[in-house]
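Participant: These protein sequence lines map, in sequence, to chains A and B.
Counting from 115, one number per residue, gives the positions in the first sequence under my numbering.
Counting from 190, one number per residue, gives the positions in the second sequence under my numbering.
Calculated from the structure, these hints are not laboratory results.
Just so we're clear, the structure is a prediction, and the values are computed from it rather than from any experiment.
One thing to keep in mind: the hints can contain errors.
[Stated by the list, open to error] Quick list of the computed label-pair ranges, beta carbon to beta carbon:
#, chain 1, residue 1, chain 2, residue 2, range
1, B, Pro258, A, Glu243, 47 to 57 Å
2, B, Asp210, A, Ala401, 52 to 62 Å
3, B, Val370, A, Pro174, 51 to 61 Å
4, B, Ile491, A, His235, 12 to 22 Å
5, B, Glu367, A, His235, 24 to 34 Å
[As the list claims (entries may be wrong)] Straight-line C-alpha distance at most 25 Å; calculated DSS-like pairs for lysine-lysine:
#, chain 1, residue 1, chain 2, residue 2
6, A, Lys362, B, Lys331
7, B, Lys331, B, Lys555
8, A, Lys125, B, Lys555
9, A, Lys362, A, Lys387
10, B, Lys261, B, Lys246
11, B, Lys246, B, Lys552
12, B, Lys336, A, Lys362
Using N, Cα and C, we set each Cβ at its ideal position, and we do this for glycine too.
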Amino acid sequence: MTAFDLLAHLKTLCAVPGLSGYEGPARVVIEAAWAPLVSAVRTDPLGSLWARRAGHGPAPRPTLLLAAHMDAIGLMVTRQEGDFLRVTNLGGIDARVLPGQLVTVHGRQDLPAVVGQPPAHLLPLAGREQVTPLPELVVDTGLPAERLRALVQVGDLVSFTQPPIELPNGLLAAHSLDNRASVAAVTVCLRELQTRAHAWDVLAVATVQEEIGPRGAGQAAFAAAPALAVAVDVTFGRDANTRDAAHKSFALGGGPTLGLGPNIHPGLHAAFKAAAARAEIPFEVEAMWEHSGTDAVAMQVAREGIPTMTIGLPLRNMHTPVEIVALADITRAGRLLAEFAAGLEPDFMSRLSVD
Amino acid sequence: MPTRPLTRRSKPAQALPPALDLELLRALSNATAVSGDEGAVRRLVLEAVRPLVAEVKVDPLGNVLAVLPAAKRDAQRVLLAAHMDEVGLMVVDYDSDGALRFEIVGGVSDRMLLGKPVLVGPKRLPGVIGATPVHLLNAERKATVVKAAAMRIDIGAANAEAARRLAPLGERATFATEFAVLDGALRGKALDDRLGCALLIALLRAGPYPVELHAAFTVQEEVGLRGARVAGYAVAPDAAFALDCTPALDLPDSRGRENTQYNTRLSAGPAIYVSDGRTIADRRLVTHLTRTATASGLPYQIRQPGGGATDAAALQRAGAGVPVVSVSVPGRYLHGPAALVRTADVENTLRLLHAALTGWTPKVLKP
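Using the sequences and the accompanying hints, generate a full structural model.
Facilitator: Right under this line is the structure:
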């Protein structure tokens with residue numbers, strides 16, 4: 115096994131757009147990273163990437179599904195007005211951070227652009243002092259109207275293109291770390307499993323369309339019919355902007371979070387805690403009092419019901435182009451997933467109870 | 190067509206102005222030089238200007254003043270000014286968790302800051318201005334512009350001491366935008382007024398002219414035209430031009446009405462000022478520019494009279510008074526992370542200024 119450069123891997127994952135419903139560019143990059151680590155890869159009907167490592171247990175083996183969504187939030191062209199494009203959102207876009215952002219318009223060719231804030235006199239009187247809502251912002255390629263018309267049409271995608279930024283203490287700032295950071299954690303897990311025996315099949319799935327309501331994970335869970343499913347996703351990182359929501363935010367570098375609540379199977383939660391103790395991996399328990407806001411929502415209710423778990427990576431500035439993650443948390447999450455997978459005995463399910 | 194003999198003459202008598210040096214503009218745009226801390230741009234300017242002129246000095250405030258002697262005797266003294274400084278941020282305090290507090294230097298809108306990468310200090314330490322995740326905001330907070338006082342720069346420091354060590358108090362920060370050459374356009378931070386600096390350097394390279402050309406690369410324009418004030422006094426020119434960037438507010442009205450207050454428009458050519466918030470441009474200089482443009486077949490636009498000010502305001506009041514005019518490249522999203530200008534406007538501004546200098550006679554200033 116060659117030395118693994120997590121930082122380089124993560125930068126590669128964040129360098130491609132892969133917006134919700136248009137995950138192709140991300141899938142290509144993830145497939146290249148995962149294919150050498152598994153027995154089989156395939157793409158399912160909605161576009162999710164499946165990568166299966168066969169276990170050594172007796173067939174038919176139970177399957178552990180590890181889901182990390184690969185789609186990213188972005189923008190979509192709704193209209194051209196002269197030299198400018200109007201856009202709508204794909205996923206949970208925060209209009210407050212948009213003015214001045216560097217973006218790429220994926221037209222007939224990729225066009226570098228910037229999100230423009232119109233001056234107050236061009237906005238409705240009411241709301242001039244407020245955040246300019248997305249429909250009133252513009253995307254500006256610098257091209258004159260005729261050239262723009264020839265190169266861009268309604269429905270074309272617009273993605274963030276701010277390059278990644280390395281910060282001290284093993285932190286990386288980039289767009290789309292939600293959820294490419296979790297994809298990288300699954301990569302770490304698959305690499306760990308190269309050198310570890312595991313009885314179960316481990317099915318890593320890079321899911322589609324999570325950001326617009328989990329539409330890929332439920333279908334993958336239906337088709338794969340796993341015995342257990344784990345959603346790996348980001349959670350709120352602690353900083354000045356989340357201090358008010360202390361119970362919803364977690365320190366970067368403190369390890370992954372283990373979800374706890376109705377979306378999480380309590381036995382599975384306990385088993386992950388035990389795995390973390392075995393591998394001496396620090397973690398925090400993340401209270402999820404209604405739903406988890408992850409792929410686990412859809413996977414839990416697939417088929418006759420699937421015991422689900424969530425693993426969270428603390429992430430600052432979620433849904434901005436400057437999301438920040440700690441590389442150490444990604445490595446720990448990957449190792450935790452591998453420890454859990456390797457520790458699954460063939461008869462684990464017979465001992466898993468909700469009570 | 191006769192073959193011209195190859196000569197070693199570096200400057201043919203009627204050379205066209207050289208194309209703008211895009212690599213120099215890239216370096217100028219990417220450099221950090223917030224008002225009062227212009228050293229990084231001053232170094233680039235000095236390096237570029239020294240081989241071109243007879244005389245260059247740095248004045249007590251940090252202005253770079255260069256002189257290109259005239260091609261003839263008894264020439265008038267014409268000052269061209271472009272400011273080196275840019276708007277930005279200054280580090281003023283530290284949170285216990287290592288986040289930096291900052292104040293705004295010059296006219297930066299709060300709206301431009303949230304969720305942007307920045308570079309802090311001369312070591313260009315990367316950081317980001319963080320934002321509360323949209324998931325945690327109620328409708329009111331989603332619609333409320335966050336004030337800079339509530340924002341922090343996150344440089345990844347673990348605590349206040351580490352932050353202070355990495356980014357000492359008073360260090361300046363700017364947007365981390367990399368200059369980019371687009372299709373017919375340029376995108377970058379601080380094009381206001383690194384474009385003016387690059388134009389002025391190109392004009393020095395394309396001289397001499399029938400005037401003694403004084404180039405002033407000024408400091409502290411964005412916080413009160415301070416460099417231009419002392420440069421104007423020191424040079425005491427017969428006439429002065431401020432080369433700058435001015436907003437092109439030529440965006441669509443979201444209610445579908447006509448945009449009557451566009452200030453300037455992209456692709457309409459160099460913007461000649463007649464009147465802004467602090468200066469009525471000298472009528473003779475405006476006429477010289479418009480006549481020169483017409484005679485040279487160059488486009489130009491008159492900037493809509495209105496507010497704002499350039500170094501021209503300070504130059505006009507220097508000493509006994511100086512006839513002034515401003516010529517600006519129209520640019521969108523100035524003072525933001527990424528301004529956009531069209532290459533054609535930049536080139537036409539360069540051509541117009543070159544033609545105006547080349548065609549200068551003392552008659553221009555006849556009352």
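Participant: Each hint needs a verdict: does it hold in this structure or not?
Facilitator: Right, here's what the structure says about each hint:
1. B:Pro258 <-> A:Glu243: 47 to 57 Å: holds, 54 Å
2. B:Asp210 <-> A:Ala401: 52 to 62 Å: holds, 59 Å
3. B:Val370 <-> A:Pro174: 51 to 61 Å: The hint (51 to 61 Å, Cβ to Cβ) holds, given that Val370 (chain B) and Pro174 (chain A) are roughly 59 Å apart.
4. B:Ile491 <-> A:His235: 12 to 22 Å: holds, 19 Å
5. B:Glu367 <-> A:His235: 24 to 34 Å: About 31 Å separates the Cβ atoms of Glu367 (chain B) and His235 (chain A), which means 24 to 34 Å holds.
6. A:Lys362 <-> B:Lys331: holds, 18 Å
7. B:Lys331 <-> B:Lys555: violated, 59 Å
8. A:Lys125 <-> B:Lys555: Given pair Lys125 (chain A), Lys555 (chain B) is violated - Cα atoms ~63 Å apart, limit 25 Å.
9. A:Lys362 <-> A:Lys387: The hint holds at about 19 Å.
10. B:Lys261 <-> B:Lys246: Given pair Lys261 (chain B), Lys246 (chain B) holds - Cα atoms ~23 Å apart, limit 25 Å.
11. B:Lys246 <-> B:Lys552: Violated. Lys246 (chain B) to Lys552 (chain B) sits at ~30 Å, over the 25 Å cutoff.
12. B:Lys336 <-> A:Lys362: holds, 24 Å
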